[in-house]
Amino acid sequence: MELTSEERAILAGQHGEAQRRALEYQLEVGRFWGAKRFVPVTSVHMMGDIEVMGDGGLAWLKAEADLGARCQVATTTNARCIDFAHCDRLGQDAGEVAKERELIATLRRMDVVTTDTCINYQTVYQPHLGEHVAWGDTGTVIYANSVFGARSNFESGPAALAAGLTGRTPEYGFHLDEHRRGTFAVQLAAKLADLADWGAVGKLVGESHQDYFAVPVFHGFHRTPTADELKHLGAALASYGSMGMYHFIGVTPEAPKDVNGLSERRVIGESDIQSVYAGYKLGDGDGRLVVFSGPQQSLLEMKKLAELFRGRKVQGHCFVTTNGAVLAQSRDLGYAQALEQAGVSILQGVCFYILQNLSPMRERNRWTNMVSNSAKIVNIIGAHRFNTILRRTADCVEIACTGKLR
Amino acid sequence: MHRKIEVAQAFGPVVEGEALVSEEGFSPRYDLDRWSGLITKPGHRLEGTSIVDKICFFPTAKGGIAAGWAFYDIKWKKIAPKAFVFGVTNPVMVQGAIFAGIPITAGWSPQPRGVVKTGDRVRVDPARKLIEVLS
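Going down the list, the sequences are from chains A and B.
Position one of the first sequence corresponds to residue 17 (our numbering), numbered consecutively onward.
Position one of the second sequence corresponds to residue 60 (our numbering), numbered consecutively onward.
These aren't lab readings, by the way, just hints derived from the structure by calculation.
Beta carbons are placed, not taken as given, at the ideal position from N, Cα and C, and that holds for glycine.
Hints should not be assumed to be uniformly reliable.
Stated by the list, open to error - Cβ-to-Cβ under 10 angstroms is the rule here; a few derived chain B residues that face chain A:
1) Phe-70
2) Gly-84
3) Gly-107
4) Gly-127
5) Tyr-131
6) Pro-150
7) Val-151
8) Val-153
9) Phe-158
10) Ala-165
11) Ser-168
What the hints assert, rightly or not - Cut-off 25 angstroms, straight-line C-alpha distance, at most; resulting in silico cross-link-like pairs (DMTMM-like, lysine to aspartate or glutamate):
12) A:Lys-273 with A:Glu-147
13) B:Lys-137 with B:Asp-184
14) B:Lys-188 with A:Glu-147
15) B:Lys-100 with A:Asp-71
16) A:Lys-329 with A:Asp-104
17) A:Lys-52 with A:Glu-187
18) B:Lys-137 with A:Asp-302
19) B:Lys-134 with A:Glu-245
20) B:Lys-134 with A:Glu-356
21) B:Lys-137 with A:Glu-245
22) B:Lys-176 with B:Asp-112
23) B:Lys-136 with A:Glu-44
24) A:Lys-319 with A:Asp-274
25) B:Lys-136 with A:Glu-147
26) B:Lys-100 with A:Glu-44
27) A:Lys-115 with B:Asp-92
28) A:Lys-52 with A:Asp-193
29) B:Lys-63 with B:Asp-112
30) B:Lys-176 with B:Asp-92
31) A:Lys-420 with A:Asp-302
32) B:Lys-188 with A:Glu-118
33) A:Lys-320 with A:Glu-356
Stated by the list, open to error - Facing chain A, a subset of chain B residues (Cβ under 8 angstroms, in silico):
34) Leu-97
35) Pro-101
36) Asp-132
With the hints as extra help, turn the sequences into a complete structure.
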């Protein structure tokens, strides 16, 4: 790779051992992908919690902090695995809770801003067209590339942190024009009135194109999609298809004018969406667990849920996850109270999918099914042996308040 | 006959070990029990199989960002494979394997089917971008 004088100085150890190691690591990643150079980044978003990194990761992180590792650009954190206000009630391990506190303190020592959110693009930082960033989770990356026209690869926790420490990332994948062009066309002929419908589109398109470098071009939709709709579409595309970017003609900044140059085309109609919902097995009919998470809820999703749950009562368990900023504003606006009065548990700064101790929690509560309006969480939580079912938002609320699965 | 597979991208030192050849993709988050090293995802074609100390051939990579810490985690727990040989992979797998110091390759010619089978002894030589079947 071509290195600048500053990068050579970092490798010579002139900026400390932590930066030197981080850049050495990034060099190896860059070489693997054939990167020619590094690009400076303005924003880093990293995943790091005790459930994903384990004792080894925590030991490594503490050693880095002791070496003097400090982030050079604004570095924020993704959703984590423990809500300290709810951990006892959830039956999370006291030992792991203590480690998570230690982990958060270590990240702060490294000048990481612990926002604990997977919707940073809605609440923390909105990069502009062409801005290079180093983000993860996958939902944040696909939103950055597609909706903002910013440039990021999927950056795992260690890779994102390295970018934070050096202020740069290897130039490969979605940092390059050649990987940002649409590769196939999808006409949206369905109504898509609910967020779950957008996730269903992501499932249909993602499952049939499992390729990081496949870039769908959506067109023909009858109205302008909202930010929350694009969030659920992207999260599902990234989850089912491992995709990092899409275009939406008339909506996203780098979309082509038309789909004339694309030979592969498909249409998604109402019957395709219905077939997604019809495809879930209802197992033993258990409707006692409904989850609104993965991604965390935006303020407007909280408003909608508050309207649907107001004056009703949850029969089994219902969880909503969001970040601290959204929750604080939801309290000011009365949405949080409406949800809590209905018996909904609002978890802060976490994702249901990575909750520490989730499998024992499932066993203790004898949950068999998990119902959600998020196609992403329905896809990824299988390793915890839930039978998962995607339903529209109002149907999820109905199931939560009646316990009857349909 | 000298059986070999050329790979397009590669990282790590030379390693030799027993091959585990999968027809299905892999995620250390979706498919693997990160305490035993067994593939436990119900319905995975290698369900019940250990990846510990194996040279693992997977056609595709599955999973999101959380997989990035998982390789370091299993290496720390001494249940890591010796190498990952992917047909198609994604940045998270590569970042994770390099972070853990586990050899990883991507892109293969020819495909493993008919060249290498589970139980064969193989050598992964990342510098030469070559995988050789030894026995």
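Cross-check of the supplied hints:
Below 10 angstroms, beta-carbon pairs count as interface contacts, and Phe-70 (chain B) has one with chain A at about 5 angstroms; its hint therefore holds. Given the 10 angstroms rule on beta carbons, the hint for Gly-84 (chain B) holds: about 8 angstroms separates it from the nearest Cβ of chain A. Because the smallest distance between the Cβ of Gly-107 (chain B) and any Cβ of chain A comes to about 15 angstroms, over 10 angstroms, the interface hint for this residue is violated. A distance limit of 10 angstroms between C-beta atoms decides the matter here; for Gly-127 (chain B) the minimum to chain A is near 2 angstroms, and the interface restraint holds.
A distance limit of 10 angstroms between C-beta atoms decides the matter here; for Tyr-131 (chain B) the minimum to chain A is near 6 angstroms, and the interface restraint holds. Against a cut-off of 10 angstroms between C-beta atoms, the interface hint on Pro-150 (chain B) holds, since the closest Cβ of chain A lies about 5 angstroms away. Checking Val-151 (chain B) against chain A by beta carbon gives a least distance of about 5 angstroms; that is within 10 angstroms, so the hint holds. Because the smallest distance between the Cβ of Val-153 (chain B) and any Cβ of chain A comes to about 5 angstroms, under 10 angstroms, the interface hint for this residue holds.
Below 10 angstroms, beta-carbon pairs count as interface contacts, and Phe-158 (chain B) has one with chain A at about 4 angstroms; its hint therefore holds. Interface restraint check: Ala-165 (chain B) against chain A, minimum CB-CB distance 8 angstroms, threshold 10 angstroms, status holds. A hinted interface residue such as Ser-168 (chain B) counts as satisfied when its beta carbon comes closer than 10 angstroms to some beta carbon of chain A; here the least separation is about 17 angstroms, so the hint is violated. Only pairs whose Cα atoms come within 25 angstroms are accepted, and Lys-273 (chain A) paired with Glu-147 (chain A) is accepted, the gap being roughly 22 angstroms.
With a C-alpha separation of about 22 angstroms, the suggested pair Lys-137 (chain B) and Asp-184 (chain B) falls inside the 25 angstroms cut-off, and the hint holds. Proposed proximity of Lys-188 (chain B) and Glu-147 (chain A) is contradicted: the alpha carbons are some 34 angstroms apart, above 25 angstroms. The suggested pairing of Lys-100 (chain B) with Asp-71 (chain A) holds, with an alpha-carbon distance near 23 angstroms, which does not exceed 25 angstroms. Of the pairs offered as hints, the one joining Lys-329 (chain A) and Asp-104 (chain A) holds, with about 23 angstroms between alpha carbons and a cut-off of 25 angstroms not exceeded.
Straight-line distance between C-alpha atoms of Lys-52 (chain A) and Glu-187 (chain A) comes to about 7 angstroms, which keeps the hinted pair within the 25 angstroms bound. Of the pairs offered as hints, the one joining Lys-137 (chain B) and Asp-302 (chain A) is violated, with about 39 angstroms between alpha carbons and a cut-off of 25 angstroms exceeded. The suggested pairing of Lys-134 (chain B) with Glu-245 (chain A) is violated, with an alpha-carbon distance near 39 angstroms, which exceeds 25 angstroms. In summary, the hint linking Lys-134 (chain B) to Glu-356 (chain A) is not supported, as the alpha carbons are separated by about 42 angstroms, beyond the 25 angstroms threshold.
A hinted pair counts as satisfied when its Cα atoms are at most 25 angstroms apart, and Lys-137 (chain B) with Glu-245 (chain A) does not qualify at roughly 43 angstroms. Taking the CA atoms of Lys-176 (chain B) and Asp-112 (chain B), the gap is near 16 angstroms; set against the 25 angstroms cutoff, the hint holds. Only pairs whose Cα atoms come within 25 angstroms are accepted, and Lys-136 (chain B) paired with Glu-44 (chain A) is accepted, the gap being roughly 24 angstroms. This hinted pair does not check out: Lys-319 (chain A) and Asp-274 (chain A) have alpha carbons roughly 36 angstroms apart, beyond 25 angstroms.
The hinted pair formed by Lys-136 (chain B) and Glu-147 (chain A) fails the criterion: a straight-line CA distance of about 39 angstroms is larger than 25 angstroms. At roughly 31 angstroms between alpha-carbon atoms, Lys-100 (chain B) and Glu-44 (chain A) are farther apart than 25 angstroms, so this suggested pair is violated. Only pairs whose Cα atoms come within 25 angstroms are accepted, and Lys-115 (chain A) paired with Asp-92 (chain B) is accepted, the gap being roughly 21 angstroms. Under the criterion of a C-alpha separation no larger than 25 angstroms, the hint pairing Lys-52 (chain A) with Asp-193 (chain A) is consistent with the structure, at around 14 angstroms.
Between Lys-63 (chain B) and Asp-112 (chain B), the direct Cα distance comes to roughly 21 angstroms. Compliance with the 25 angstroms bound is thereby established for this hinted pair. Distance check on the hinted pair: Lys-176 (chain B) and Asp-92 (chain B) sit about 23 angstroms apart at the alpha-carbon level, within 25 angstroms; holds. In summary, the hint linking Lys-420 (chain A) to Asp-302 (chain A) is supported, as the alpha carbons are separated by about 7 angstroms, within the 25 angstroms threshold. For the suggested pair Lys-188 (chain B) and Glu-118 (chain A), the alpha carbons sit about 41 angstroms apart, so the restraint of at most 25 angstroms is broken.
Of the supplied pair hints, the one linking Lys-320 (chain A) and Glu-356 (chain A) holds, its CA atoms being roughly 14 angstroms apart against a limit of 25 angstroms. With 8 angstroms as the threshold, the beta carbon of Leu-97 (chain B) stays out of range of chain A, its nearest partner Cβ sitting at about 12 angstroms, so the hint is violated. Restraint check, Pro-101 (chain B) versus chain A: the minimum CB separation of about 7 angstroms is within 8 angstroms; hint holds. Here the hint on Asp-132 (chain B) is kept, as its CB sits about 4 angstroms from the closest CB of chain A, short of 8 angstroms.
In summary, the structure is inconsistent with hints 3, 11, 14, 18, 19, 20, 21, 24, 25, 26, 32 and 34 from the numbered list given earlier, while agreeing with the others.
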